[in-house]
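*Asks:* So you can see what is in the structure, the chains are spelled out below.
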Amino acid sequence: MRYENIQVLVLSTAMLFTVVIGFIVYFVILYRSRQERNEQEQQELKSAFEQELLKTRIEMQEQTLAYISREIHDNITQVLSFVKLNLGMIPVADENVRAKIGENRELVAQTISDLRNLSKSLSYDYITAHGLVKTIETEAERINSSGLIDALLFVDGDIYSIGAERELVLFRIFQEALNNALKYSSAKHLKITLQYHPDLFNLTLEDDGVGFSPDLINNSKGLGLKNIHNRAALIGAAATIYSSQGNGCRINITLNPSHKGLYTNGNHSNSIG
Amino acid sequence: MSFYVIVSYGYLLMLLIVATTGIACYKKLGISFKILTIATIISMITALLAIVSVKVIKTNAPVLHVEALSEYIFYSLIYYHLFNGRGVKNGIILSIIIVSVLSVINALIWQPFTSEFPTYMNLVTLASLAVFSLLLFRQMLLCPSKTPILKQGVFWYNTAIIFYSTTLFLQIGLSNVFKKNAGVDALVFYLWFVILYIFTILTGIAIVADSKENRKVHAI
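Line by line, the protein sequences are chains L and Y. Each residue of the first sequence is one higher than the one before, counting from 25 in the working numbering. Each residue of the second sequence is one higher than the one before, counting from 28 in the working numbering.
Please note that the accuracy of each hint is not assured.
Taking lysine-lysine and the DSBU-like style, the derived pairs with C-alpha atoms no more than 35 Å apart in a straight line are [stated by the list, open to error]: (1) Lys178(Y) to Lys61(Y); (2) Lys250(L) to Lys215(L); (3) Lys206(Y) to Lys54(Y); (4) Lys82(Y) to Lys178(Y); (5) Lys70(L) to Lys108(L); (6) Lys70(L) to Lys85(Y); (7) Lys206(Y) to Lys70(L); (8) Lys158(L) to Lys215(L); (9) Lys55(Y) to Lys239(Y); (10) Lys173(Y) to Lys70(L); (11) Lys250(L) to Lys206(Y); (12) Lys79(L) to Lys173(Y); (13) Lys70(L) to Lys82(Y); (14) Lys61(Y) to Lys116(Y); (15) Lys206(Y) to Lys55(Y); (16) Lys70(L) to Lys178(Y); (17) Lys85(Y) to Lys178(Y); (18) Lys215(L) to Lys124(L); (19) Lys239(Y) to Lys85(Y); (20) Lys250(L) to Lys108(L); (21) Lys61(Y) to Lys239(Y).
Treat the hints as calculated values from the structure; they're not laboratory data.
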């Protein structure tokens with residue numbers, strides 16, 4: 025009888041201990057999975073917020089650029105044309121003075137032409153109307169005419185449209201990279217390559233400048249480089265930057281043309297442009 | 028020295044260690060764990076009084092009546108501070124009032140404090156604590172914190188309570204079943220000490236975890 029009682033005691037205690045421990049283990053597993061899910065949700069929220077912030081910044085930038093472009097085209101170039109016209113109407117008998125006025129008229133004409141090109145590169149309408157290749161070509165010509173760098177453009181494959189908004193963002197990335205090359209690289213040559221493959225679009229900018237440490241890419245000081253990454257992410261593209269001290273820089277933007285980025289669908293409430 | 032005395036002093040020593048740990052990091056503890064430290068000190072005093080009481084009046088029943096009520100008040104107050112919902116908090120306050128009244132009636136009428144242990148009240152308070160514990164586990168699942176679960180004082184305290192309330196409930200049941208069986212009765216009695224030992228260790232872990240958790244928050 026006593027042995028049976030001990031058996032009951034041991035069994036019931038062991039059973040309860042097992043149930044309690046089992047419950048705690050189950051709770052820990054469940055809690056950890058909830059923690060992971062929560063963390064994932066928070067990451068997604070943060071990412072969506074950052075995308076929204078970037079989209080707003082790009083929209084604001086586009087509006088400002090459009091305004092500057094309009095002002096250059098409608099106001100400054102008009103005034104300069106008027107100046108050029110006035111210069112031509114000055115009655116001068118002296119040959120030397122006439123020659124000087126002629127030189128100035130040419131300079132003004134050159135300035136008007138440069139400003140018109142600049143206006144085009146800033147204008148969203150121009151980019152959407154002429155497409156990425158033509159806009160980059162115009163920009164390369166403008167840079168070449170400035171004599172700051174020798175830019176070469178290569179286009180590979182049959183050109184297709186990858187969507188106005190995405191082309192605009194790609195062009196802004198191109199401008200950011202170009203600005204970086206002009207400001208910091210001391211490069212003599214810039215090679216721009218556009219590759220149009222059926223399943224892959226590739227934009228590459230390669231300079232022969234002084235380059236920079238790869239650490240700078242992850243450093244907060246490399247804001248321009250971060251912008252390139254952020255903008256690329258916005259249209260579902262991948263940006264890869266290769267550089268090292270003394271070996272120039274290569275920026276590669278890869279995009280799947282059939283894959284629509286998060287904010288590139290024109291019907292989406294978050295669509296840019 | 029009998030085995031009973033050894034395990035009693037062992038339990039006292041354990042309470043002393045946990046209470047000292049709690050006092051040492053008292054400032055770093057959250058309000059709930061400050062209450063837990065005080066509850067541990069009270070438990071230590073009542074355990075000491077129980078030993079003295081057995082020697083002097085041959086029973087520790089009066090001390091256990093006081094201990095049952097004080098433990099319930101302290102552990103419920105801890106839950107009061109751990110819960111977020113106003114409804115549950117009000118429920119805890121109401122339960123403390125009801126249990127206090129019932130404890131007095133029980134000590135005077137149903138189980139006289141001079142001769143009987145407060146098992147009726149124990150069953151009520153342990154069931155109530157088990158419910159609080161399950162509700163807190165539910166709350167933890169609904170709003171998980173970023174801190175790893177094993178580093179959360181709340182988790183260890185709640186584990187201690189769910190373990191304490193369910194196993195002690197069983198122990199009381201078994202002691203009623205084996206009341207007149209002398210050999211088995213002793214085993215049930217030692218089981219009670221095993222439960223108390225584990226519970227005290229878990230509360231000690233809870234206090235240490237909470238002090239570390241708060242230190243991290245202060246560092247941030």
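*Asks:* The structure should be examined with respect to each hint, and the outcome stated for every one.
*Replies:* A quick look at each hint next to the structure:
Note on Lys178(Y) and Lys61(Y): the hinted pairing holds, with a Cα-Cα distance of about 17 Å set against a maximum of 35 Å. The suggested pairing of Lys250(L) with Lys215(L) holds, with an alpha-carbon distance near 21 Å, which does not exceed 35 Å. About 45 Å separates the Cα atoms of Lys206(Y) and Lys54(Y), which puts this hinted pair outside 35 Å; it is violated. Annotation: proposed proximity of Lys82(Y) to Lys178(Y) is violated, straight-line Cα distance about 42 Å (limit 35 Å).
Only pairs whose Cα atoms come within 35 Å are accepted, and Lys70(L) paired with Lys108(L) is rejected, the gap being roughly 54 Å. Note on Lys70(L) and Lys85(Y): the hinted pairing is violated, with a Cα-Cα distance of about 67 Å set against a maximum of 35 Å. Restraint check for Lys206(Y) and Lys70(L): the C-alpha separation of about 62 Å exceeds 35 Å, so the hint is violated. Proposed proximity of Lys158(L) and Lys215(L) is supported: the alpha carbons are some 16 Å apart, at most 35 Å.
Our distance criterion of 35 Å between C-alpha atoms is met by Lys55(Y) and Lys239(Y), whose separation comes to about 8 Å. Simply put, Lys173(Y) and Lys70(L) have alpha-carbon atoms about 16 Å apart, close enough for the 35 Å limit, and the pair holds. With a C-alpha separation of about 76 Å, the suggested pair Lys250(L) and Lys206(Y) falls outside the 35 Å cut-off, and the hint is violated. For the given pair, Lys79(L) sits about 30 Å from Lys173(Y) by alpha-carbon distance, which is consistent with the 35 Å threshold.
At roughly 66 Å between alpha-carbon atoms, Lys70(L) and Lys82(Y) are farther apart than 35 Å, so this suggested pair is violated. Only pairs whose Cα atoms come within 35 Å are accepted, and Lys61(Y) paired with Lys116(Y) is accepted, the gap being roughly 18 Å. Taking the CA atoms of Lys206(Y) and Lys55(Y), the gap is near 45 Å; set against the 35 Å cutoff, the hint is violated. Straight-line distance between C-alpha atoms of Lys70(L) and Lys178(Y) comes to about 26 Å, which keeps the hinted pair within the 35 Å bound.
Among the hinted pairs, Lys85(Y) with Lys178(Y) is inconsistent with the structure: their alpha-carbon atoms are about 43 Å apart, more than 35 Å. For the hint pairing Lys215(L) with Lys124(L), the CA-to-CA distance comes to about 39 Å; that exceeds 35 Å, so the pair is violated. Under the criterion of a C-alpha separation no larger than 35 Å, the hint pairing Lys239(Y) with Lys85(Y) is inconsistent with the structure, at around 43 Å. For the suggested pair Lys250(L) and Lys108(L), the alpha carbons sit about 43 Å apart, so the restraint of at most 35 Å is broken.
A C-alpha spacing of about 14 Å is found between Lys61(Y) and Lys239(Y), which places the hinted pair at or below 35 Å, so the restraint holds.
In the structure shown, a violation is registered for the earlier hints numbered 3, 4, 5, 6, 7, 11, 13, 15, 17, 18, 19 and 20, in ascending order.
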